[in-house]
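Protein chains: 2
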Amino acid sequence: MQVTSTTEQPPKRRRDRAAREREILAAAERIFGERGYQGTSMDDIAAAVGVSKPLIYQYYGSKDGLFLACLARLRAQLLETVSDAVMAATDVENALYAGFVAWFQFLDEHPQAWSVLIDEGMLATGPMAATTEEVRNAFVELIAAMVRLNLPPSRPTDDAEIEILAHSISGATERLAIWRTRTPNPPTPQKVARTLKDLLWQGLDTLSKS
Amino acid sequence: MQVTSTTEQPPKRRRDRAAREREILAAAERIFGERGYQGTSMDDIAAAVGVSKPLIYQYYGSKDGLFLACLARLRAQLLETVSDAVMAATDVENALYAGFVAWFQFLDEHPQAWSVLIDEGMLATGPMAATTEEVRNAFVELIAAMVRLNLPPSRPTDDAEIEILAHSISGATERLAIWRTRTPNPPTPQKVARTLKDLLWQGLDTLSKS
DNA sequence: CGAGTAACTTACTGGGAGTAAGTTCCGGCG
DNA sequence: CGCCGGAACTTACTCCCAGTAAGTTACTCG
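Line by line, the protein sequences give chains A and B. Taken in order, the first sequence gives residues 0 to 209; the numbers are from numbering that gives the first Met the number 0. Taken in order, the second sequence gives residues 0 to 209; the numbers are from numbering that gives the first Met the number 0.
Everything labelled a hint here was simulated from the structure, so no lab data went into it. It is possible that some hints are incorrect.
Unchecked claim - Among the chain A residues that face chain B by a calculated CB cut under 7 Å, a handful are:
1. V134
2. N136
3. A159
4. I161
5. H166
6. W178
7. T180
8. S207
Glycine included, C-beta positions come from ideal geometry on N, C-alpha and C.
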């Protein structure tokens, strides 16, 4: 009933579901990235989109559901980036290095992705544990595959041992990534990847042959 | 007003502050260990102790404060156990192994300690980040000290590199510990420690000399 | 015994997750 | 055109839990 305001957007009327979902997801990714899971309320996100809270519940079910949707997207991108780098390498030693570089670089280039994925996501308790575990397992699998590639075909594989190795490496990369985000002038992705590769490579190679 | 019940404890009357604090801390450690930080309410703990919530607030200030008090105790025990094992070893390679064994064994023997310390604590967001970071840094320092011990005295220490190594190792042990608690029949502490030591030792030794 | 204080409680506020029950808009069909 | 069915969306709650204000009870020391 007012005069038309010049600064007002053409009042965002109804959109179809898919478009709204994308809008909500984009806002959620941004705000979760800025303030973390705990620090973000559903009302915050609703306000940012210019929509009411129950609509988000209708589309995403719960706060966890929304968070998980963010997670899934980021996880897919990250996993793809890293495995592309690994696959492109010509030998296992280089694959290891290339994978590390890709990992740290991706996280540098998507800082908000990081806090969503790990800084909060990976640690979550409750219904999210399952999904974040899945994310992690994808990487553990990738690493385990690399390790197996390096085994002489004859050798009987000790699966327990390979799992230990894969989790060690996954844990080291996660921790380093978190540390880099919290440190003023972190070493470059290349430096970290190189040091990590140097730390692991000999042991990995020896274990493969023993 | 009732007849004296035979099974009833002599109705826990007032205790002095120190005793109550200990009672509360014990209950908190147990319940946080069972249900996690999020899953535990202050009323739960108050009920378990048989006391009202504001009393806990008076003694510990906040839920975080109480959690942090649990953390501090456990951290001290764990750190002491591990560093004793490290100090008792005769050379660096054995110190590494002994430290890992002590770490995994402690966590086996104090399963609830684990979920309090790491599974929730290490990942916490907000005001707890600082304290948990401190806990972790204690271990990073310990590891860094070991690495430095292994350097030939002449060599100029590359502190950035040592930090990378220390965080890698700390991350690997953390992840392995979490993984072990979530896995049905985890390998023994000795097996894990041995594999981890084998994975790291050569690289560590080479990096020290290069 | 009475006064002072430490130990403790009742009864609240506030905020955020989640929900019940509508209301408004749009497209299609007579 | 009118009107009806469903999808998009909202108002106005409930409940749970962290945290608090203000008071009450019981022990201690003079």
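Practice prompt. Identify whether the interface hint at H166(A) stands, where standing means a beta carbon of chain B within less than 7 Å of its own.
Written response: Where the cut-off is 7 Å and the nearest Cβ of chain B is about 5 Å from H166(A), the hint holds.
Practice prompt. Could you check if I161(A) really has its C-beta closer than 7 Å to a C-beta on chain B?
Written response: violated (10 Å)
Worksheet item: For the hint on W178(A), does the least C-beta distance to chain B fall short of 7 Å?
Response: holds (5 Å)
Discussion item. Let's test the interface hint: is any C-beta of chain B closer than 7 Å to that of A159(A)?
Written reply: With a minimum Cβ separation of about 5 Å from chain B (threshold 7 Å), the hint on A159(A) holds.
Item to complete: Against chain B, run the beta carbon of T180(A) and see if the smallest gap drops under 7 Å.
Response: violated (12 Å)
Discussion item. Under 7 Å is the threshold here; is the Cβ of N136(A) close enough to any Cβ of chain B for the hint to stand?
Written reply: violated (10 Å)
Worksheet item: Taking 7 Å as the limit, does the beta-carbon of V134(A) come near enough to a beta-carbon in chain B?
Response: violated (13 Å)
Worksheet item: Does the nearest C-beta of chain B fall within a distance shorter than 7 Å of the C-beta of S207(A)?
Response: Because about 11 Å separates S207(A) from the closest Cβ in chain B, which is outside the 7 Å limit, the hint is violated.
Hint compliance for this structure: hints 1, 2, 4, 7 and 8 are broken, all remaining hints hold.
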